[in-house]
Amino acid sequence: QKEVEQNSGPLSVPEGAIASLNCTYSDRGSQSFFWYRQYSGKSPELIMFIYSNGDKEDGRFTAQLNKASQYVSLLIRDSQPSDSATYLCAVSVNNAGNMLTFGGGTRLMVKP
Amino acid sequence: DTGVSQNPRHKITKRGQNVTFRCDPISEHNRLYWYRQTLGQGPEFLTYFQNEAQLEKSRLLSDRFSAERPKGSFSTLEIQRTEQGDSAMYLCASREMNTEAFFGQGTRLTVV
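Top line first, the protein sequences correspond to chains W and A.
Every number in this note's numbering is 136 more than the matching position in the first sequence, counting from 1.
Every number in this note's numbering is 4 more than the matching position in the second sequence, counting from 1.
Same shape as in the complex, but just chain A:
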């Protein structure tokens, strides 16, 4: 499978715990994006990497959120001290310059 891969697909965690999600983009894509989608809404941009450089972060990305893309390949998104409001689908997308973005299957986070 050469598409965007996200793991885990589902995560249930207790409030206050830390969680980490992984995204493996399409191999030749140098741009990687994280989005968050809540029920009934469209995806909202969180952050963007070009290769290993994190070039933009949304104001939605509070201090509890951190993302990395070491070596410009896979990326991780960590949420510290999770809150119930963090419950959402976390989507990763990748693209080459001036091409369309392709999304992974998403990680659905439920904070209880």
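The shape of chain W in the complex, shown without the other chains:
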């Protein structure tokens, strides 16, 4: 079992809709959670991070964390074609290294 699981997709949504991206993780010691966006051939770009249970909103993006269920999600409201990319979920344990463990990513396609 992978440590961080994501549905590979593609997830296809129409322009203007809400895109919902999900991620589960296996290490209960995980304390920091990140969502990165990656366009094809480019490096990951941080879009959201969340440390506490509940919701965190930033513009059109909302990250949701449920540590009891070991589940983190990303909602993208009013999806735009420019949001089409692979979204990577990453978690880290607050040990000395804080290295990130990534899921395989979900490919999102927003259709005009």
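Note that these hints are calculated values from the structure, not bench results.
One thing to keep in mind: the hints can contain errors.
[Unchecked claim] Here are the simulated lysine-lysine pairs, DSSO-like style, with alpha carbons at most 30 Å apart:
hint	chain 1	residue 1	chain 2	residue 2
1	W	247	W	192
2	A	15	A	75
3	W	192	W	178
4	A	61	A	75
5	A	61	W	203
6	A	61	W	178
7	A	18	A	61
8	A	75	W	178
9	W	192	A	18
10	A	15	A	61
11	W	192	W	203
12	A	15	W	178
13	W	247	W	178
Assemble the complex: chain W is given as a structure, and chain A must be docked to it using the hints.
Relative to the frame of chain W, chain A by itself:
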């Protein structure tokens, strides 16, 4: 540009040759990470430096791989006797303690 810088951006090499990549982190970041990403997968952790000390290495980092961070500034990743399976995007990231990690543009290695 004050972001993480990686050079070269692309490298094509023949099997059996040695290659070296360079990463210049964000100047005030004391932590530097190397990750490897193959097509359709999320990045996988390779190694981590705090200042000049290499504190952790993944089991993915075979004896053919070596990384250095002299003086705690830039870092190099060398692959000796490259194999076709080494073809991947090599990503460098830097961070301060308890902050998010920022990635460089990556070096795409193709071994022919």
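Do the hints match the structure? See the list:
In summary, the hint linking residue 247/W to residue 192/W is supported, as the alpha carbons are separated by about 26 Å, within the 30 Å threshold. Taken as a hint, the residue 15/A and residue 75/A pair is honoured in the structure, with Cα atoms around 26 Å apart against an allowance of 30 Å. For the proposed pair residue 192/W and residue 178/W, the alpha carbon gap of about 26 Å is at most 30 Å, so the pair holds. Under the criterion of a C-alpha separation no larger than 30 Å, the hint pairing residue 61/A with residue 75/A is consistent with the structure, at around 19 Å.
With a C-alpha separation of about 28 Å, the suggested pairing of residue 61/A with residue 203/W holds against the 30 Å cut-off. Between residue 61/A and residue 178/W the CA atoms are separated by roughly 25 Å; this keeps the pair inside 30 Å, and the hint holds. Between the alpha carbons of residue 18/A and residue 61/A the distance comes to roughly 26 Å, so the proposed pair stays at or under 30 Å and holds. Distance check on the hinted pair: residue 75/A and residue 178/W sit about 29 Å apart at the alpha-carbon level, within 30 Å; holds.
Straight-line distance between C-alpha atoms of residue 192/W and residue 18/A comes to about 47 Å, which puts the hinted pair past the 30 Å bound. Note on residue 15/A and residue 61/A: the hinted pairing holds, with a Cα-Cα distance of about 23 Å set against a maximum of 30 Å. Among the hinted pairs, residue 192/W with residue 203/W is consistent with the structure: their alpha-carbon atoms are about 14 Å apart, no more than 30 Å. Restraint check for residue 15/A and residue 178/W: the C-alpha separation of about 15 Å stays at or below 30 Å, so the hint holds.
For the hint linking residue 247/W to residue 178/W, the alpha-carbon distance of about 21 Å falls within 30 Å, and the restraint holds.
In summary, the one numbered hint that this structure violates is 9.
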